[in-house]
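4 protein chains.
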Amino acid sequence: MAKEDRKKREKENRKQTILKSALYSFAKHGYHKCSMDLIAEEAELGKATLYYYFKNKDELLLEVLKTGLELFFENMTKAWESLEDTREKIEAISITAGEFFAEHPDYFRLYLYLSTHPKLNKITSESLRPLVQNKNKVFIQLFKKAVKEKLVKPIPPQNLVNVLGTLIMGVGMFGHYKRKSDIKKRMKLINEIFFNGVLLDKKK
Amino acid sequence: MAKEDRKKREKENRKQTILKSALYSFAKHGYHKCSMDLIAEEAELGKATLYYYFKNKDELLLEVLKTGLELFFENMTKAWESLEDTREKIEAISITAGEFFAEHPDYFRLYLYLSTHPKLNKITSESLRPLVQNKNKVFIQLFKKAVKEKLVKPIPPQNLVNVLGTLIMGVGMFGHYKRKSDIKKRMKLINEIFFNGVLLDKKK
Amino acid sequence: MAKEDRKKREKENRKQTILKSALYSFAKHGYHKCSMDLIAEEAELGKATLYYYFKNKDELLLEVLKTGLELFFENMTKAWESLEDTREKIEAISITAGEFFAEHPDYFRLYLYLSTHPKLNKITSESLRPLVQNKNKVFIQLFKKAVKEKLVKPIPPQNLVNVLGTLIMGVGMFGHYKRKSDIKKRMKLINEIFFNGVLLDKKK
Amino acid sequence: MAKEDRKKREKENRKQTILKSALYSFAKHGYHKCSMDLIAEEAELGKATLYYYFKNKDELLLEVLKTGLELFFENMTKAWESLEDTREKIEAISITAGEFFAEHPDYFRLYLYLSTHPKLNKITSESLRPLVQNKNKVFIQLFKKAVKEKLVKPIPPQNLVNVLGTLIMGVGMFGHYKRKSDIKKRMKLINEIFFNGVLLDKKK
DNA sequence: GATGAATGAGGTTTCATTCAT
DNA sequence: TATGAATGAAACCTCATTCAT
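Protein chains in written order, with our numbering: chain B, 1189 to 1392; chain L, 1189 to 1392; chain E, 1189 to 1392; chain P, 1189 to 1392.
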């Protein structure tokens, strides 16, 4: 029946509304200073409704993060679709990340915040591990390939992933960029340094 | 009088005890999940005693952070004392940071945590700005010199500071290092990549 | 819907219950020695429930006072409805006040208590000023009329209001009246003295 | 020995300092919002010192009040010394009170505040009762005499005392007088009304 | 005599969560 | 399905008082 379909759609919409409000509020006030009341108000829903859709605050947080990660990885996949060259693919990582951060700064900040929280980090990283681990493997494969192709030095791929990841994160943490183009510029610099280092080649 | 001196010393000691307990507890539980009771228990003092030494929780946090930053900058200064060469000085930054992080992981984590919190970041960064700004200037001078000496490419010094800072932070965020030597190795890698990039020189 | 109406009524009732308990407890123990726990217990509600209905203790106090003032002014208005004569109207002031005080001694005492507190007086009098000011104007008009009608001596109306007000307040402060009729008698005496003074006319 | 005398004097001085600081602080912040710390700071003494001179906060309050009352009654006695006429004596009450209030507004306010506090009133009024009762008797005698002399109407003397007392208190409660002369004017009005009432004699 | 340091007891407020409807 | 109302638990903070010196 069409009626049931609509109901399902509506329910899904409602869930999305909550996730969006939660993301916004978490990012604005910080997870711990953000009450369920605040989210409910932002979502223009009753507070108890949040509990109808999500078991508790922690789970709501997790779902928010999962949504963000999935979105990011989707973007990543899309960006890679048209690329074959290993170096271009590696460069695409920070470029895509930069775009994602420009478009959804809240996800980024929230993710960082939780990464640094001793207790929450455990909970979230455990829950999101499958998702992250999965993508991590892909990144590692990419760097393995890069090493094999003699594109990059024989550094353990996991280290390379971590270093590049760190550099990207840093763009999000430090910068308070006014324009989106600023983020892109910064990402280009990151890539430049990552590949070539900062030394001025004197031989030339 | 010697008596008064001893009293002063004892008071200072007590303050240090509290700061230490606070640091430990903040880092263990995260600032928001760490109650004043917890800190008091850790310090084996009455809760009200904390308030005798520090105006409130926020101020206690600030003092903890300030202590940490000062300690780090002291280490930095000491490390630089015996160095003249620009590149060596730059390398010393991550090395020192690595040692500091190995020795005092709690400071590092707490600092990161606060950096990513939307509200707390404002408060703390404003209060600690003078301290940080001061050191930042020194770092910028160093990179300016590096550019002038044609050691590194003509990249804006502030960007270089940020990128290097980010890389160092990342070591703290990502790694769960078992041995202290692991951190040092990682810091060496950071320096290596920062200076030379990851590209394998094919000309050879 | 009737259902919604009932809910609204119930909520209003609950609020009234709290206000009543608060008034009783404030008056019994004094605002500062009266904890929110005490009020909650008196109202047979959880302490947090008080905060559901009132933002904080100060606001609860204000609402209590506002309720009292409004009730008093309503009584005043009713008492005046059937009166035309200026003197009768003036006399009605203390009579009504006396009745109000007999019926609701707590309001009176609480109001007095706050009037004399240096800090609270500022807060409350500012919040209640519109209400009080409004009625004050009416009283002043009445005395202006009395002066114009040559009923009373040409004393500035505001002074007359203050003196009469003071006399009435005093009945509340001093007296510990056993019977309600005692208050009424006292109010009659107040009126008598206010109008005629205490001098025995010797000419007669 | 002179040395012991000096010590005694110093001790007495110290006590006076504390009483003065306590009065000032109580009046400024209100008894309940005035911590012992505040008083100690105002007195430029250690907090524990207060407890050396006074058993506890309540007793300190009592002593403050007692000092004030005694001072007021002294003034009263002095004012009456040169007066014989009953009416003049009665008029001297409010005049003296006005002067006292102008000179020591803090005593007045503090006294009023406590009079209206349900718990404190009991404690203080019990402790100060002998002092007050004593003077009350004198006032009653005065009014008895006034009645007997056919100066005033045959109203029960206690009532007269209360009404006059009330009128005087009211001057303190209501008014926020800029100049001392304003208080004196107001006291004259009080006397005028008290003796003659507000009615305009139409027979003339 | 004088006091700095310490604290237990108790206050206000917040908030995640539940429950009846 | 949706929610207003209720609350226990726990957080931050204050303060009168004591005690060792």
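If you're looking for bench data, these hints aren't it; they were derived computationally from the structure.
Quantities reported herein were computed from a predicted structural model and do not represent experimental measurements.
Keep in mind that a hint or two might mislead.
Identical chains blur together in the list; that is why a pair holds if it fits in one copy or across any two.
Below are the DSS-like pairs computed for lysine-lysine, each with C-alpha atoms no more than 25 Å apart in a straight line [as the list claims (entries may be wrong)]:
{"#": "1", "residue 1": "1323", "residue 2": "1372"}
{"#": "2", "residue 1": "1366", "residue 2": "1307"}
{"#": "3", "residue 1": "1307", "residue 2": "1368"}
{"#": "4", "residue 1": "1221", "residue 2": "1254"}
{"#": "5", "residue 1": "1368", "residue 2": "1203"}
{"#": "6", "residue 1": "1368", "residue 2": "1310"}
{"#": "7", "residue 1": "1373", "residue 2": "1338"}
{"#": "8", "residue 1": "1195", "residue 2": "1332"}
{"#": "9", "residue 1": "1333", "residue 2": "1203"}
{"#": "10", "residue 1": "1216", "residue 2": "1243"}
{"#": "11", "residue 1": "1373", "residue 2": "1332"}
{"#": "12", "residue 1": "1196", "residue 2": "1208"}
{"#": "13", "residue 1": "1373", "residue 2": "1208"}
{"#": "14", "residue 1": "1203", "residue 2": "1221"}
{"#": "15", "residue 1": "1373", "residue 2": "1336"}
{"#": "16", "residue 1": "1373", "residue 2": "1254"}
{"#": "17", "residue 1": "1325", "residue 2": "1373"}
{"#": "18", "residue 1": "1376", "residue 2": "1245"}
{"#": "19", "residue 1": "1208", "residue 2": "1307"}
{"#": "20", "residue 1": "1235", "residue 2": "1323"}
For this session: May I ask which of the numbered hints given earlier this structure violates, with the numbers listed in increasing order?
Result: Violated hints: 5, 8, 9, 13, 16, 18 and 20; rest satisfied.
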